[in-house]
Amino acid sequence: MDQPKNKIILTGDQPDKLKQLQLRVQVEVPKLVRDDLIQKYSNEDHLIRLLIAREWKINDAFEQWKRWVEWRKQYRADDIKIEEIQQEISLRKAFWNGADKLGNPCLVVKAKRHFPGQSNPETLIRFFLYMIDQGIQKADQAGTGKISVIWDREGVTSKNFDSSMFTIMKKMVTLVQDNYAERLHQLFILYPNFLVKSIMTVVKPFLSEKTKSKIILCNNLKDLQVYFNENYKISDGLIDDNVEQIQDEDTEEEKRKIEQMIAEQQ
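The numbering of the sequence shown is my numbering, which starts it at 32 and goes up by one.
Source of the hints: derived by calculation from the structure; they are not laboratory data.
Do not take every clue at face value.
Below, computed lysine-lysine pairings styled on DSBU-like, alpha-carbon distance capped at 35 Å [claimed, not checked]:
#	residue 1	residue 2
1	K241	K264
2	K104	K245
3	K253	K202
4	K132	K62
Take the sequences, apply the hints, and build the full model.
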């Protein structure tokens, strides 16, 4: 069988550390998942990424692996049915759209297509889990092994504001940082405003320094084009959103509401 294009080369004592982690996983995995999932949850590439994320500390990588398994079980990640997330798919809240300059597949999240009360937080998280699993397959096929994400706030108004987003974002941080070790290349936040900066205030304590370094604020499309080819367009193939629009500023009243919600989260 051909080796994947993005196969990570091990050096020094790394093969031995991988073997030790594999032995521990081999003992534990039958207790945690059904038989048809054992191979998936023992995947060598994922174990290597866990070791890299945990600086090759075997115990830390093993504990993170257990959290990853439990997290996927909690959200029934291996049993997501299209009909359960059909509304999110139909509204095109997120879609895979081309790649950055390094060839990493790019997930675009359109904030203006989300409205409060439309979906419960668990459904949203399962939808993004489904999308990220798709992206990992794309990344492995592309040979990069990593994905980029654009959180596009173009066209967002106060009608899109959802107070549950603080909770969702904290859970999503855990999802990406702990459960998709070494898969995120870059997160681009396009048109950040007071709300975005407020969410970052809540989320940052949960981020490692390495993850923080992957977040890039882009005030306009020109900032984004540093990382993408000049002809890159933010489009789902149905609606071309690659336009520069004046973004609404938060009113003082909205800022007060946001500050109050942040205080409740802390």
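request  = Mind checking the alpha carbons of K241 and K264 for me, to see if they're no more than 35 Å apart?
outcome  = Status holds; Cα separation ~28 Å.
Proposed proximity, K245 with K104 (alpha carbon, max 35 Å) = 27 Å, holds
request  = Please work out if K132 and K62 have their alpha carbons no farther apart than 35 Å.
outcome  = 42 Å, violated
inquiry  = Check the hint pairing K253 with K202 against an upper bound of 35 Å on the C-alpha distance.
reply    = 30 Å, holds
Violated hint: 4 only; the structure is consistent with all others.
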